[in-house]
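Protein chains: 2
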Amino acid sequence: MRTPTETHPVPEHVAAALDELTRALPAGRLLTDPDVLSSYRTDRAPDLRAGTPAAVVRVRSTGEVQQVMRAATRHRVPVVPRGAGAGLHGGSNAVDDGIVLSMEAMTSILDVDPADRLCEVEPGIMNLALKEELAVDGLWYAPDPASMAFCSIGGNVATNAGGLCCLKYGVTRDWVAGLEVVLADGRVIETGSRTIKSVAGYDLTSLIVGSEGTLGVVTRARLRIRPLPPPASTLVAFFGDLGDAGRAVVEICEGEPPALLEIMDASTIRAVEEWQRMDLDTDAAALLLMRSDVAVDRSGHVAAMEEICARHGATFVARTDDPDEGEAFLQARRLALPAVERHGVALLEDVGVPRSQVPALLASTGRIAEHRGTEIYSYGHAGDGNMHPTLRWDHDDADGKARAMQAFDDILEAALALGGTVTGEHGVGLLKEQWLPREIGADAMDVQQAIKDALDPAGILNPGKMALRLR
Amino acid sequence: MRTPTETHPVPEHVAAALDELTRALPAGRLLTDPDVLSSYRTDRAPDLRAGTPAAVVRVRSTGEVQQVMRAATRHRVPVVPRGAGAGLHGGSNAVDDGIVLSMEAMTSILDVDPADRLCEVEPGIMNLALKEELAVDGLWYAPDPASMAFCSIGGNVATNAGGLCCLKYGVTRDWVAGLEVVLADGRVIETGSRTIKSVAGYDLTSLIVGSEGTLGVVTRARLRIRPLPPPASTLVAFFGDLGDAGRAVVEICEGEPPALLEIMDASTIRAVEEWQRMDLDTDAAALLLMRSDVAVDRSGHVAAMEEICARHGATFVARTDDPDEGEAFLQARRLALPAVERHGVALLEDVGVPRSQVPALLASTGRIAEHRGTEIYSYGHAGDGNMHPTLRWDHDDADGKARAMQAFDDILEAALALGGTVTGEHGVGLLKEQWLPREIGADAMDVQQAIKDALDPAGILNPGKMALRLR
Numbered sequence: 046m047r048t049p050t051e052t053h054p055v056p057e058h059v060a061a062a063l064d065e066l067t068r069a070l071p072a073g074r075l076l077t078d079p080d081v082l083s084s085y086r087t088d089r090a091p092d093l094r095a096g097t098p099a100a101v102v103r104v105r106s107t108g109e110v111q112q113v114m115r116a117a118t119r120h121r122v123p124v125v126p127r128g129a130g131a132g133l134h135g136g137s138n139a140v141d142d143g144i145v146l147s148m149e150a151m152t153s154i155l156d157v158d159p160a161d162r163l164c165e166v167e168p169g170i171m172n173l174a175l176k177e178e179l180a181v182d183g184l185w186y187a188p189d190p191a192s193m194a195f196c197s198i199g200g201n202v203a204t205n206a207g208g209l210c211c212l213k214y215g216v217t218r219d220w221v222a223g224l225e226v227v228l229a230d231g232r233v234i235e236t237g238s239r240t241i242k243s244v245a246g247y248d249l250t251s252l253i254v255g256s257e258g259t260l261g262v263v264t265r266a267r268l269r270i271r272p273l274p275p276p277a278s279t280l281v282a283f284f285g286d287l288g289d290a291g292r293a294v295v296e297i298c299e300g301e302p303p304a305l306l307e308i309m310d311a312s313t314i315r316a317v318e319e320w321q322r323m324d325l326d327t328d329a330a331a332l333l334l335m336r337s338d339v340a341v342d343r344s345g346h347v348a349a350m351e352e353i354c355a356r357h358g359a360t361f362v363a364r365t366d367d368p369d370e371g372e373a374f375l376q377a378r379r380l381a382l383p384a385v386e387r388h389g390v391a392l393l394e395d396v397g398v399p400r401s402q403v404p405a406l407l408a409s410t411g412r413i414a415e416h417r418g419t420e421i422y423s424y425g426h427a428g429d430g431n432m433h434p435t436l437r438w439d440h441d442d443a444d445g446k447a448r449a450m451q452a453f454d455d456i457l458e459a460a461l462a463l464g465g466t467v468t469g470e471h472g473v474g475l476l477k478e479q480w481l482p483r484e485i486g487a488d489a490m491d492v493q494q495a496i497k498d499a500l501d502p503a504g505i506l507n508p509g510k511m512a513l514r515l516r
Numbered sequence: 046m047r048t049p050t051e052t053h054p055v056p057e058h059v060a061a062a063l064d065e066l067t068r069a070l071p072a073g074r075l076l077t078d079p080d081v082l083s084s085y086r087t088d089r090a091p092d093l094r095a096g097t098p099a100a101v102v103r104v105r106s107t108g109e110v111q112q113v114m115r116a117a118t119r120h121r122v123p124v125v126p127r128g129a130g131a132g133l134h135g136g137s138n139a140v141d142d143g144i145v146l147s148m149e150a151m152t153s154i155l156d157v158d159p160a161d162r163l164c165e166v167e168p169g170i171m172n173l174a175l176k177e178e179l180a181v182d183g184l185w186y187a188p189d190p191a192s193m194a195f196c197s198i199g200g201n202v203a204t205n206a207g208g209l210c211c212l213k214y215g216v217t218r219d220w221v222a223g224l225e226v227v228l229a230d231g232r233v234i235e236t237g238s239r240t241i242k243s244v245a246g247y248d249l250t251s252l253i254v255g256s257e258g259t260l261g262v263v264t265r266a267r268l269r270i271r272p273l274p275p276p277a278s279t280l281v282a283f284f285g286d287l288g289d290a291g292r293a294v295v296e297i298c299e300g301e302p303p304a305l306l307e308i309m310d311a312s313t314i315r316a317v318e319e320w321q322r323m324d325l326d327t328d329a330a331a332l333l334l335m336r337s338d339v340a341v342d343r344s345g346h347v348a349a350m351e352e353i354c355a356r357h358g359a360t361f362v363a364r365t366d367d368p369d370e371g372e373a374f375l376q377a378r379r380l381a382l383p384a385v386e387r388h389g390v391a392l393l394e395d396v397g398v399p400r401s402q403v404p405a406l407l408a409s410t411g412r413i414a415e416h417r418g419t420e421i422y423s424y425g426h427a428g429d430g431n432m433h434p435t436l437r438w439d440h441d442d443a444d445g446k447a448r449a450m451q452a453f454d455d456i457l458e459a460a461l462a463l464g465g466t467v468t469g470e471h472g473v474g475l476l477k478e479q480w481l482p483r484e485i486g487a488d489a490m491d492v493q494q495a496i497k498d499a500l501d502p503a504g505i506l507n508p509g510k511m512a513l514r515l516r
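Line by line, the protein sequences give chains U and W.
Using our numbering, read the first sequence as starting at 46 and increasing by one per residue.
Using our numbering, read the second sequence as starting at 46 and increasing by one per residue.
Simulated from the structure, these hints should not be mistaken for laboratory data.
Predicted model only: the values in this text are computed from it and were never measured.
Just to be clear, a hint being listed does not mean it is correct.
Claimed, not checked - Derived Cβ-Cβ restraints for the label pairs, each shown as a range: (1) W:T77 to U:G486: 31 to 39 Å; (2) U:R119 to W:P482: 23 to 31 Å; (3) U:R119 to W:R68: 37 to 45 Å; (4) W:D441 to U:D498: 51 to 59 Å; (5) U:D498 to W:L273: 52 to 60 Å; (6) U:R483 to W:R68: 48 to 56 Å; (7) W:P275 to U:L93: 45 to 53 Å.
What the hints assert, rightly or not - Derived DSS-like pairs: lysine-lysine, alpha-carbon spacing no greater than 25 Å straight-line: (8) U:K213 to U:K176; (9) W:K213 to W:K176; (10) W:K176 to U:K213; (11) U:K213 to W:K213; (12) U:K176 to W:K213.
No residue lacks a Cβ here, since even glycine has one placed at the ideal position from N, Cα and C.
Sequences and hints are given; from them, build the entire structure.
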C-alpha cells in the first residue's frame, strides 16, 4: 500500500474517471489534497491495511452518487463508501487509487411521519443528531451504538449496528423499513415498503443492511420510529466475583427483558475511574448496569433485578430513577473504550455467544489474558451475549502487540467453540476477514460471493472487504 | 399445462433423474401414482396455472433433499418445494414434468433450548403442532397465521408468514434465527447464529425467508422462542359505521400495541354468523377484535382501547378475561375465509397499507365492490394495515368471476396508490406476478433476478414463481 506522501501518478483509467467527475460535479465535491486523502484512509480500527485514495468525493445528492458510480463502472475504479469513519473493523478503509465516496454532507431529515411511525433521512446524519431531532416531538429511533454521537445512520445501516438498548429493542436492521440504494452501475432502487408488513419479493432491505458498502450505496433510509419510552430506572450492581455477575446476567434475562444490561470488569472499571473519578468501586470484580423502562409498575421489574443481583452475591446495589444520574452511569460504560485508548493501542473484540454462555466467555477471556500475558479489558452488552473484550498494548511494544494479537485470536476461537459469532455488531471489514469463513463455512462464503458478483459484477464496491474476493 | 389424466410420456431427462432417485432413495419416497400427482398440483389459491409433476418425492432427511437436488441439477429437472400446501398464492403449484419435493414427512422437533430461547425443527411440522409442544414447557413461538392448524413451519418460512399476533410480536422473519438450506446444486449451508446478534456476513437468513422456495430448500429451522405471554384479555367492539371502526384502529395503534387487532366487515360478520351461530351482531357494519397481554395493570390497556372504541361510536363493546371465551371470538375471525368459501369460489386479497391509510382502504374497497357489482368480504389484520378483502363468485358464473377479477386488480391499484404493498404476508407466487414489478420497479426486479440466477444458475428451483424469468 502506498502512503499519502509517496508521489505516485494516478493511473490513467482513474484519471479519466476523475476528469469526468470534475466536469460533471459541482465545484468542491472532488477533493485530492494529500492531507485530505490521508485523513480518509482509515476508520477507528488500529493497524489494518489501508490504501491511499486518488480522490475523496463528498456528495450532496443521490444524483451525484449515481454520477460517481457510473464513472467508476465505466472506468473500473474502486469506490469505498464512507459514513463518519467511526467503524471499528476497517470496513471503510480506503484502497489505493480508488475513490472514497463520503456521505458526510448528506445529513438531512427528509420526512417525519408520526402517524405511520416512519422517518426518512439521508445517510450522513449522526445517530445522536437524529435522536435529538426526533425527541423534540416525543419520538424515538432506538439503536444506540456507544459511538452514537459521532457515527452516522449510513454507517449504522452498513454494519447493522447494535448498541445498548438492542437487548430489548433490536438492532439497526429491525428499525430499517426501506432504503434508497445506488447500485454499482449507477441505477437506483428503492427497497422495502411504507407498510408494517410486506412480502413483495426478496428482502433486499435486510440484505443491504450489514453489507458494509459492498452491494450498493445507501443514499436514503426510511427508518421506523416510535414514541419515546417512559423514563427509565437505572440499576447498578458491583460484584466481588466476575462469574457471579455473569450468572446474574443469565438469570435476569430469563425474565422481562431489561432496556439494557451492560457489564464492565475490574480493569475496565479502574481505567474509567482513574480517568474520570466517578466514584466507581475500584475493588469490585465486575459492575452490572441495568435499566428498566417498563412504565407500569416499574418498581417490580427493577426490584426483581435487584433481588437477582443480591442473590448472586452483589456487594453493592443501587437504583436511581433520576435520568441524569442514570445517564452518568451509562456514561461510565460508554467511556470504556476511550479510557483504555488513553494508555496505548486498544483493539476491540466484538464476539457474541449464546446468552447462557456469557459466564463461560468471561472465564475464557480471563484465562486467555493470563496465558498470553496481555491486558484484556472486558466489557460489553452482556444481556445479549455480545462482548467487547479490549486488548491493549503500548504504542511501541511489538512483543506486547504480538501477544495481544494471539489473545485476539484465542478469544474468537473461544467464542466459536461456545456456539458464538466472530462479530456481534461491528462487522467483518478487514479485521475479521480470516474469521468469517471459519464461522460460516466455505459453501456459505460461496453464496455470499455469488450475491456480491451478481450485484457488483465489476467488483468496484468496497473491494476486498467482508472476506470477498477481488475481481 | 397438462392435466394428470392426459397420458404423456415423461421426457427422457426427467426419466433419467427419476431412475437415479429410485435407486438412491429408500422405497416409498418417490411417488408417481396419477392420483397422488394430481393431489400435489396446487395449493389453496383458486384458478392459477398448475402443471402435473412427473413425481412427488416425500423426503425424510437433509441427505435425501441433497440427493434430489443433485439429480435435478444434473438432469435439469425443475423442483417445486412444498410444505403443507396451505399457500394462498400458488407459490407451490407444480410445474409440468417437474418434481414436487414434499417436506411433509420431516416433522421432528430436534431441539428445544429454553436457556437461549431457541428451538430447532424440521420444516414439515405444523405451526400449531409446534406451538402445542412448546406450550407444555411454558414456551412460545409467536407467528400465528390463521391457517396455523394446517400450515407448516417450512411454508411459513418460505412466505415469511404473518398472522394475528404479529402486530405486537413480529412476523416469521423476526422469529427465525437460522436455517439449514440445501442449495440448487445439492450443497448444504447453515445460515444465522445461535447468538442474539450477529453481523457475520450478508443476512442470508432474511434472504431465504420469504423467497418461496426459489433460492434453496429449507431443511431445518432454528426458531426463536420465548416464555408464553400472560393470559390475555379480549375485547370485542361492534360499530355501526365501517369508517368509524377504521379510525378507532388508527387511534388504538398510537398507544401501547395490542396483542392483536382484527377487523371484519358486515358481510363477513354475516357469513360467519350464518354458518356458526355465534351471536354476532349481524346488523353491525364492523367488528373489531382486540387483545392485550400486558400482564401488569392489564385493565388499563384494555380500558384505553374500550374508551377509544366508545369515542369512535362503537354500538357495543365487551371484554372478556376468560381465555376460552376470548378464543371463541378469535375463532369467528379465523372462520372468515371458510365461511365465504361455503358459498362459491373465494379469492383472498392480501394488500397492506400504512396504518394511517386503513380507513381509506376500507372506503376504497367498498367503492370498488359497488362499481364492479361484486361481493367483497373485508377482514384482516387492521392493526398492521394488512387486509384480506375476499372476492367471491359462484362456481359457474364466468361473468361474476370476470367482475371479481377486475375488483381484485382495483384493490391492488388502490393499495399501491395509498403507499401500500401488493402482498403483506401471503407472498407473490403466481397470483401477484404481474403486480410485484409494479410495486418494486424494473431495476429492483433486475436485482431480484440477479440474486436468483446467482443462487440457482440452472433455474430449477420453483421456476416461474415470484415474477422471476424462466431460464
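How the hints compare with the structure:
1. Hint check: T77 (chain W) to G486 (chain U), Cβ distance near 36 Å, so the stated range 31 to 39 Å holds.
2. R119 (chain U) and P482 (chain W) have their C-beta atoms about 28 Å apart, which keeps the hinted 23 to 31 Å range intact.
3. Between R119 (chain U) and R68 (chain W), the C-beta spacing of about 53 Å breaks the proposed range 37 to 45 Å.
4. Distance hint check: the CB atoms of D441 (chain W) and D498 (chain U) are about 52 Å apart, consistent with the given range 51 to 59 Å.
5. A hinted range of 52 to 60 Å for the beta carbons of D498 (chain U) and L273 (chain W) is inconsistent with their spacing of about 45 Å.
6. A hinted range of 48 to 56 Å is violated for the C-beta pair R483 (chain U) and R68 (chain W), which are about 37 Å apart.
7. Range check, P275 (chain W) to L93 (chain U): Cβ separation about 49 Å, and the 45 to 53 Å hint holds.
8. Between K213 (chain U) and K176 (chain U) the alpha-carbon distance is near 17 Å, which keeps this suggested pair within the 25 Å criterion.
9. Under the criterion of a C-alpha separation no larger than 25 Å, the hint pairing K213 (chain W) with K176 (chain W) is consistent with the structure, at around 17 Å.
10. About 23 Å separates the Cα atoms of K176 (chain W) and K213 (chain U), which keeps this hinted pair within 25 Å; it holds.
11. Annotation: proposed proximity of K213 (chain U) to K213 (chain W) holds, straight-line Cα distance about 14 Å (limit 25 Å).
12. The straight-line distance between the Cα atoms of K176 (chain U) and K213 (chain W) is roughly 23 Å, inside the 25 Å bound, and the hint therefore holds.
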